[in-house]
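A.B. asks: Given these sequences and hints, build the entire structure.
Chains as they are written, first to last, in my numbering: chain C, 1 to 116; chain U, 117 to 227.
Honestly, the hints are just simulated from the structure, not real lab data. All C-beta atoms, glycine included, are put in the ideal place defined by N, C-alpha and C. A few of these clues could be false.
[Claimed, not checked] Only pairs whose alpha carbons sit at most 25 Å apart, straight line, appear in this in silico PhoX-like list of lysine-lysine:
no., chain 1, residue 1, chain 2, residue 2
1, C, Lys57, U, Lys219
2, U, Lys168, U, Lys119
3, U, Lys219, U, Lys168
4, U, Lys185, U, Lys219
5, C, Lys11, C, Lys57
6, C, Lys57, U, Lys119
[Claimed, not checked] Pair by pair, the computed Cβ-Cβ distance ranges are:
no., chain 1, residue 1, chain 2, residue 2, range
7, U, Pro227, C, Gln84, 34 to 42 Å
8, C, Leu39, U, Thr188, 21 to 29 Å
9, U, Thr145, C, Gln41, 26 to 34 Å
10, U, Thr188, C, Asp97, 28 to 36 Å
11, C, Glu68, U, Asp183, 41 to 49 Å
[What the hints assert, rightly or not] For the chain C half of the interface with chain U, some residues (derived, Cβ under 10 Å), not all of them:
no., residue
12, Arg9
13, Ser27
14, Glu44
15, Phe45
16, Tyr48
17, Cys92
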Amino acid sequence: DTGVSQDPRHKITKRGQNVTFRCDPISEHNRLYWYRQTLGQGPEFLTYFQNEAQLEKSRLLSDRFSAERPKGSFSTLEIQRTEQGDSAMYLCASSLDRSLNRETQYFGPGTRLLVL
Amino acid sequence: LAKTTQPISMDSYEGQEVNITCSHNNIATNDYITWYQQFPSQGPRFIIQGYKTKVTNEVASLFIPADRKSSTLSLPRVSLSDTAVYYCLVGPGGGADGLTFGKGTHLIIQP
Chain C
1 DTGVSQDPRH
11 KITKRGQNVT
21 FRCDPISEHN
31 RLYWYRQTLG
41 QGPEFLTYFQ
51 NEAQLEKSRL
61 LSDRFSAERP
71 KGSFSTLEIQ
81 RTEQGDSAMY
91 LCASSLDRSL
101 NRETQYFGPG
111 TRLLVL
Chain U
117 LAKTTQPISM
127 DSYEGQEVNI
137 TCSHNNIATN
147 DYITWYQQFP
157 SQGPRFIIQG
167 YKTKVTNEVA
177 SLFIPADRKS
187 STLSLPRVSL
197 SDTAVYYCLV
207 GPGGGADGLT
217 FGKGTHLIIQ
227 P
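C.D. replies: What follows is the structure, given as structure tokens:
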């Protein structure tokens with residue numbers, strides 16, 4: 001399967017714990033995005049990488065959230081001191097820079113986080 | 117970014133053609149119109165993208181009038197498996213940025 005993969009698919013944690021999610025993009029894609037989606041809402045943009053550089057962060061990305069893409073391939077999203085409000089689906093997407101038409105982002109299956 | 121407005125939900129039946137219209141009155145000159153589909157517990161999936169007139173692929177057609185203030189996603193001969201949430205997005209071509217999703221249209225196909 002050459003699509004975007006995310007691990008784990010589900011995570012249950014207690015409030016105050018740290019969690020880390022991993023995203024493996026489509027291999028030749030140089031751009032990687034993280035989104036968060038709560039029930040009944042569309043995905044909300046969190047942050048974006050071009051290769052290993054984090055180029056944009058949403059105001060939704062509080063200081064408890066950190067994302068890395070150390071070698072320009074896979075990425076991790078860490079949430080420290082989780083809160084119940086962090087419960088959501090965390091989606092990763094990747095794309096290839098075409099610099100012409102609006103790029104197509106390819107989404108992974110998501111990691112569903114439940115904070116108790 | 118141009119704001120989009122689309123129906124919250126729609127119902128149809130298997131075999132019918134479904135048209136979902138999206139309003140984007142403030143679309144900018146360099147904005148493209150893109151539609152994504154999302155099934156429960158899955159990430160969104162790109163369906164179609166257009167700038168003006170009509171675009172067709174193996175899944176859907178996208179109709180964009182000359183003023184580009186709206187667009188219509190057309191799904192021919194829907195099946196039960198087309199039950200999903202459909203998102204209309206408007207944004208500039210070139211470069212990269214996070215996509216702005218609204219609440220989408222929940223399409224329910226009945227037998």
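A.B. asks: Evaluate each hint against the coordinates.
C.D. replies: So, going through the hints one by one against the coordinates:
no.: 1; hint: Lys57/C to Lys219/U; result: holds (22 Å)
no.: 2; hint: Lys168/U to Lys119/U; result: holds (18 Å)
no.: 3; hint: Lys219/U to Lys168/U; result: holds (24 Å)
no.: 4; hint: Lys185/U to Lys219/U; result: holds (19 Å)
no.: 5; hint: Lys11/C to Lys57/C; result: holds (24 Å)
no.: 6; hint: Lys57/C to Lys119/U; result: holds (21 Å)
no.: 7; hint: Pro227/U to Gln84/C: 34 to 42 Å; result: holds (39 Å)
no.: 8; hint: Leu39/C to Thr188/U: 21 to 29 Å; result: holds (28 Å)
no.: 9; hint: Thr145/U to Gln41/C: 26 to 34 Å; result: holds (29 Å)
no.: 10; hint: Thr188/U to Asp97/C: 28 to 36 Å; result: holds (30 Å)
no.: 11; hint: Glu68/C to Asp183/U: 41 to 49 Å; result: holds (44 Å)
no.: 12; hint: Arg9; result: holds (9 Å)
no.: 13; hint: Ser27; result: violated (18 Å)
no.: 14; hint: Glu44; result: holds (7 Å)
no.: 15; hint: Phe45; result: holds (3 Å)
no.: 16; hint: Tyr48; result: holds (6 Å)
no.: 17; hint: Cys92; result: holds (8 Å)
Of the hints listed earlier, the one the structure fails to meet is number 13.
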